[in-house]
Amino acid sequence: MCELLLLRHRRGEEGALGELVSLWERPLFYYIRRFTSSESDAWDTLQQVWLQVVRRVETLRDPRAFPEWAYRIAHNAIVSRWRSEPSFNPLPEDSEVPDERSAETGAALHDLDPQDIHRALERLKPPHREVLTLFFLEEFSIDDIAGIVGVPQGTVKSRLHYAKVALRRILDDGELSHD
Amino acid sequence: MTDRKLRDQLIKQESFSPAMRELYRQGVEAMLENRLSKFQRIAWSLSSLMGLAFFVFFGVVAFKLPPEFPVVGKAVYIAGILFSMAWAVLGFIVVRRGGLNKRMHENTAHGLTFGFTLVLMIGMLLLGQTMPDGILGIKMILGGMVFLLIFGIPSLMLKHMNDAELRIREQMLDLELRIAELAEKQGDAAPVKAVPPSSN
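Chains as they are written, first to last, in our numbering: chain Z, 34 to 212; chain P, 276 to 475.
These are computed hints drawn from the structure, not numbers from a lab. Mixed in with the good hints there might be a few duds.
Restraint ranges, calculated between C-beta atoms of paired labels, are given here [claimed, not checked]:
1) P:Glu459 with Z:Arg88: 19 to 25 Å
2) Z:Asp205 with P:Gly374: 53 to 59 Å
3) Z:Asp74 with P:Lys313: 28 to 34 Å
4) P:Gly374 with Z:Lys158: 41 to 47 Å
5) P:Leu357 with Z:Asp74: 23 to 29 Å
6) Z:Lys158 with P:Gln446: 30 to 36 Å
Anything over 10 Å on all C-beta distances counts as not near chain P; from chain Z, calculated [to be verified]:
7) Arg43
8) Arg44
9) Gly45
10) Pro60
11) Phe68
12) Ser73
13) Arg94
14) Ala98
15) Pro147
16) Phe169
17) Ala199
18) Ile203
19) Leu204
All C-beta atoms in this analysis are idealised placements derived from N, C-alpha and C, irrespective of residue type, glycine included.
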């Protein structure tokens, strides 16, 4: 669908880009909101993302790559916002670990209550939260996530593995407070 | 729960303030107006000024033409006046609007370029035939053709090729999308029945 809208935009159809914005607004907002302290910051960051998208959309050669491209822009916008904050600390790097249990854990995670997953995501460390959010939202491949986050594939595998284990632990331990 | 459903459910978990979203939307809508960049504004202003300059040039020359000047030549000058005036007006409209409607303004620009070079070529072809000096006539005809080949035809061809390619890709995607939607609907409405094994 977004490929179609991008082609329509390139053909000069007014409103196609607006439809694309509407289509991707909520998932991108969800992703950005996971890393911003306030809702107003999240909307502000999302607006910055669309500004970049509008400016650079003509340079996107393959319209099918739009989701990865848009999330990469969102990732960079989040990092820029973090860096501008006085309390900025660079994200810690993980050591590479084999990802034998990831697929199994991933399959099990998809059967969980979305509300629980949503709450548990908040408890994860930002690097783990990021890869898992991308995994849940768009089911990006390891390669895609590595491209979005700008880290090697091994690091993504490692983060995804630890994130799934941590999420499962949070859910199993009943650490979540329900309203 | 399918993964698509999980995604949608997760997104639904995120609450937001309608007022903040409205503020954000206003900002995005202003952004989507396809405003001219500084470079585009300068380029369109220059093209508008050039159109104006050519309008004055063609006008002055047409005014000073001797009465014995061929009618075809006069027609070419009048076409030049009209083309340059249209070009100046188009540039003025785009700059004044501050935004570019790709479909309308770019198509007009391509049409004007092709239209004028075609008129120029036909004019030179007719003028060349009436020239008492045969060599000069051939030179004029060739000059007109060169104009058409360098400026008119490539501009129009590139525009049409680009449009056609995008249209074909768009139609194919549209078809793919419809097939996917139909398949999805059919999958929801009627689960696929297992085919009993053949008794033979």
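Would you say Ala199 (chain Z) is clear of chain P, with no C-beta pair closer than or equal to 10 Å? Ala199 (chain Z) is indeed farther than 10 Å from all Cβ atoms of chain P, at 17 Å.
Holds or violated: 19 to 25 Å for the Cβ distance of Glu459 (chain P) and Arg88 (chain Z)? violated (35 Å)
Verify that the Cβ of Leu204 (chain Z) lies farther than 10 Å from every Cβ atom of chain P, and report whether the claim holds or is violated. holds (14 Å)
Taking C-beta pairs only, is Ser73 (chain Z) more than 10 Å away from all of chain P? violated (6 Å)
Non-interface claim for Ile203 (chain Z): all C-beta distances to chain P beyond 10 Å? Holds, since 16 Å exceeds 10 Å.
Verdict on Phe68 (chain Z) as a residue remote from chain P, using beta-carbon distances over 10 Å: holds (13 Å)
Quick check for students: does the CB of Pro147 (chain Z) sit more than 10 Å from each CB in chain P? At roughly 4 Å from the nearest Cβ of chain P, Pro147 (chain Z) sits no farther out than 10 Å, so the non-interface label is violated.
If we take the beta carbon of Gly45 (chain Z), is the closest beta carbon in chain P still more than 10 Å away? violated (3 Å)
Phe169 (chain Z) and chain P, when compared Cβ to Cβ, separated by more than 10 Å: With a cut-off of 10 Å, Phe169 (chain Z) comes too close to chain P, as the shortest Cβ separation is near 6 Å.
For the hint 23 to 29 Å, verify it against the beta carbon of Leu357 (chain P) and that of Asp74 (chain Z). violated (55 Å)
Is the hinted range of 41 to 47 Å satisfied by the C-beta distance from Gly374 (chain P) to Lys158 (chain Z)? holds (44 Å)
Per the stated criterion, does the least C-beta distance between Arg44 (chain Z) and chain P lie above 10 Å, as a non-interface residue requires? violated (5 Å)
Checked against the numbered hints listed earlier, the structure breaks hints 1, 5, 6, 7, 8, 9, 10, 12, 15, 16; every other hint is satisfied.
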